[in-house]
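K.L.:
So the chains spell out like this:
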Amino acid sequence: MVKIGIPKTLAYYVYFPLWKTFLEELGVKIILSDDTSREIIDAGVKETVNDACVPIKLFHGHVLNLKDRVDYLFIPRLVSLNGQTIYCPKFLGLPDMVASSLDDLPPILAPDIDLREGLLNLYKVIFKLGTKFTSNPLKIIKAAYKAKQDWKQFNQYLQAGYTAVEAMDKLNGAEIDLNEGDNDLKVAILGYPYIIYDPFVSVGMIQKLRELGVKVVTADMIPEPELEKNFKGLSKELFWTFSDQKIKAGLHYYEQADVDGIIHVTAFGCGPDFIVDKKLELEGKRRKDVSFMCLTIDEHTGEAGIVTRLEAYVDMLKLRSDRNESSLTVS
Amino acid sequence: MNGYLGIDVGSVSTNLVVINEEQNVITNLYLRTKGEPIKVVQQGLQDLKEEIPADLEIKGVGTTGSGRKLASVIVGADIVKNEITTHAIASSHQVPDVRTILEIGGQDSKIIILRDGIVVDFAMNTVCAAGTGSFLDQQAGRLQIPIEEFGDLALKSENDVRIAGRCSVFAESDMIHKQQLGHSVEDIINGLCQALVRNYLNNIGKGKDILGPIVFQGGVAANKGIKAAFAEALDTEIIVPENYDVMGALGSALLAQQKVAKTGTTNFKGWDSASLDYQPSSFECESCTNRCEVIEIYVEEELAARWGHRCHKWDMV
Amino acid sequence: MKVVLPYLSNSHVALKSLIESFDHQVITNQPSKKTLSLGVQHSPEFACIPFKILLGTYIEALENGAEMIITSGGKGPCRAGHYGQLHKEILEDLGYEFEMIVFESLTDSFRDFFGKIRKVAGDASWIRIFKTIWREWNRLTVLDKLQQKVHKVRPRELKPGHTTDVFDEVVDLVAQAESIAEIKEAKKQGIDKLEAIPQNKDFEPLKIGIIGEIYVVLEPFANLEVEKVLGEMGVEVDRSIYLSDWTEEHSFFVPAEDPARDAAKPYLDQLIGGHGQESVGSTVLYGQNDYDGVIHLAPFTCIPEIVAKSILPEVSKEEDIPVLTLFLDEKTGGEGIRTRLEAFIDLLLQKQGRKEMKIS
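As they're listed, the protein sequences go chains A, B and C.
Under our numbering, the first residue of the first sequence is numbered 18, with each subsequent residue one higher.
Under our numbering, the first residue of the second sequence is numbered 3, with each subsequent residue one higher.
Under our numbering, the first residue of the third sequence is numbered 90, with each subsequent residue one higher.
To be clear, the hints were calculated from the coordinates, so they are not data collected in a lab.
Note that the coordinates shown come from a computational prediction; the quantities given were computed from them, not determined experimentally.
Don't take each hint at face value.
As the list claims (entries may be wrong) - Calculated pairs, DSS-like style, for lysine-lysine (alpha carbon to alpha carbon, straight line, at most 25 Å):
1. C:Lys-164 - A:Lys-253
2. C:Lys-91 - B:Lys-315
3. A:Lys-149 - C:Lys-354
4. B:Lys-226 - A:Lys-63
5. C:Lys-164 - A:Lys-305
6. A:Lys-253 - C:Lys-208
7. C:Lys-406 - B:Lys-210
8. B:Lys-264 - B:Lys-315
9. C:Lys-248 - B:Lys-71
10. A:Lys-305 - A:Lys-295
11. A:Lys-302 - C:Lys-177
12. A:Lys-63 - B:Lys-180
13. C:Lys-122 - B:Lys-315
Construct the complete structure from the given sequences, taking the supplied hints into account.
P.N.:
Right, dumping it as structure tokens:
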């Protein structure tokens, strides 16, 4: 069986259920890299160009972790999936960066996914990829259809408040109790899926907050039409898919004002985020009812540091809701 | 007897080297710059004069380092060269087949890649101190252990302790954390050496073709702990040359010899330059928006040199 | 109205003249250390240096009474396409009142683009507007042509600084021209003046190509005058990009065939925004055209150039052309850059096996 390696980071947290079903239906064996670890981060940091952001370095680490045990690496070039916004330039150049920076790699499968060219383009990509593993077009269509169903289910779980990891476990039939009790506080965690859902990278932030008795909401929990309503709050839509989603989610939660706080989680060296962060911060300044905090994750982030901040933040929110005061902001 | 003088004025240390016609080092000096480059160069000249054989005549002078211009005004240099080139020249003189030079000084560090004696690639640290000697100095101060003892202590370490931090400030807080957890001083010092090496390789060494023979030079090369950490990280033998701490000066002395062989004469102002009165002053030029800081050097109250301006308005003919 | 525009080296002459043709007064200062520190103070830390210099430029002008900011936008994925809007939000948060006009790409929306022209041009007739644009377009191209000449003359000049002094005069000449005929005449005179500079015609300089992000390549304040420094070290530089090329591609005409993009394809087969792909492609072209080296200029944290940087070592090896990347930010010091440039030139000379050069 052909073994295809998929790095367990970046787009994994968004599209893996889709890829998994599609490739497995075509008889491919999928090999995932190990969970993010100190070792994987170190290896990535060592090989990636200095100035890159932590997620890109991490991606290189995952590729190194995989490369010697697979026949192919699956690194789709994500350009545009909705035909409008595109991904960050580092995503656009990812297969080239990996190929230039790392030696002795197995062949890279890097289908260009660019729906600005129309849906037809997507079908072409699906068939081009599919015919690598089967000559039966019907099989490809079936696989694609099934993949889409699974992905839809995955997104429904996300919308229901499961993390990406929990949603994938649920797809595999696991029972997960979200334990939604009475929460005094509700906090929106805004961050790219590969930051907030990777337990190592985010130092288990979502779980920690839940343990502190906080109901956590994310950008994934807002249905698309709801999200798009927030367009009017922007003088120009952001170019990058994830950033666009993040800022609209921020505006959504500010607008609804049913959260006590918004935590923006950003990775050190992230290019688009200085714009997102500044806009969310300025928006927070204009609205005094929701408290805004930014947490920066880097390759050395210690658990202690993040936990201290989260605890202090939650304490502050509690104090604030007790006093019914609304003029505190943290940065 | 003929001699050639090389002077390397860095932000932390100033080194002077005298070589003979056969390119052997006759004497060398390692002095702390302490923010007073003029004074230290003059002091160095006086000290050198005492040390060298009475029949030695200086036939050529080269200067290098961040204070290379200043030094050249004081002594009258035949060649003023950047420190990357002088380090490479000295290194390939001492280890002719060298292919990688790791250099760590007080405030900056470099990597130089050579092939067949020719520099083919290099990098210098930019703003961060985490890959330089001052990183160790700071931590030594915090641990209250003399920096000279660092290397030997590191070699006594028995357990790996990872000190995290891309930046010396973060590393310091992580080190304190590790101390609080109860790790031994030896292990922590070894962890610091590994952190420095990791930062160096991840920043300056990134993407460079590091092949042996590898030469490790600069003031920090005295530290056996760092040498061992490099050997471990790169999995090869690391050569620390005899004159590891004065390589820049040695390189400029070698260049001076080459240069004078061609020109036949030297600009050396003689040992008296050590006792002349040099006064630096500066002013901000207001001719344009660049607002250049122009530096002037007066010798015995006479203007001897001027630099710092981007245009040619203040050039001295 | 009092207007502020981004300052972009000598091209400012043409942009200023364009706006002032419509009864405005352009009050942009050439960026200085003060501009930069103002910009740094009010910018997010990880914004790139063009963002910071522009913000500082706007603040200085607003303090001097500017009422309108005119700048360009973009379609991404380079971050600069959002700078106009973010600058506006930050400046408003600081309490300034002004009108901001961001020219987005013509292909985005004709109506928007021409609406904004109308806003800037007041009641001038369309014929006058187009004539003015055409005249300034000519001025811009002439300035770029003269700049190219400067790159050739400077390494050969006998008296250091002579070329720069003459070029300043020449730019003034071009600035004073009032019609296309006068601009052409100024160009002729300019070329003559530059050629009249006493030169060592036998000198064979090293040839270095300059690539990277457009703002830091074009604006000497941002790149610490790297072209001039190299020129005076006796290096003939070639810039991979000029403002006239960029404007041609981004606003008025259909995108031209770009040889740099084609050349980049084996290494990076995707537009990544900014000038990332051009940086890779231009390096390939410089390698094929027997240049001695390439200097890659990029703002610190620039996304497309980070992608380019990670690919350039491979290009450098394959095409056998040394590349020096300089990431620039507010902490970059002139001395540090100079040391690296000197060492890079030494490296190129050694590679060539040549010894003598006029290195100071």
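K.L.:
The structure should be examined with respect to each hint, and the outcome stated for every one.
P.N.:
A quick look at each hint next to the structure:
1. For the given pair, Lys-164 of chain C sits about 10 Å from Lys-253 of chain A by alpha-carbon distance, which is consistent with the 25 Å threshold.
2. Straight-line distance between C-alpha atoms of Lys-91 of chain C and Lys-315 of chain B comes to about 33 Å, which puts the hinted pair past the 25 Å bound.
3. Between the alpha carbons of Lys-149 of chain A and Lys-354 of chain C the distance comes to roughly 23 Å, so the proposed pair stays at or under 25 Å and holds.
4. This hinted pair checks out: Lys-226 of chain B and Lys-63 of chain A have alpha carbons roughly 23 Å apart, not beyond 25 Å.
5. Only pairs whose Cα atoms come within 25 Å are accepted, and Lys-164 of chain C paired with Lys-305 of chain A is rejected, the gap being roughly 33 Å.
6. Using a Cα cut-off of 25 Å, the hinted pair Lys-253 of chain A and Lys-208 of chain C holds, with the two alpha carbons roughly 19 Å apart.
7. A hinted pair counts as satisfied when its Cα atoms are at most 25 Å apart, and Lys-406 of chain C with Lys-210 of chain B qualifies at roughly 12 Å.
8. Between Lys-264 of chain B and Lys-315 of chain B the alpha-carbon distance is near 32 Å, which puts this suggested pair outside the 25 Å criterion.
9. The straight-line distance between the Cα atoms of Lys-248 of chain C and Lys-71 of chain B is roughly 21 Å, inside the 25 Å bound, and the hint therefore holds.
10. Restraint check: the Cα-Cα separation between Lys-305 of chain A and Lys-295 of chain A comes to about 16 Å, which is no more than 25 Å; the hinted pair holds.
11. Proposed proximity of Lys-302 of chain A and Lys-177 of chain C is supported: the alpha carbons are some 15 Å apart, at most 25 Å.
12. For the hint pairing Lys-63 of chain A with Lys-180 of chain B, the CA-to-CA distance comes to about 23 Å; that is within 25 Å, so the pair holds.
13. Of the supplied pair hints, the one linking Lys-122 of chain C and Lys-315 of chain B holds, its CA atoms being roughly 19 Å apart against a limit of 25 Å.
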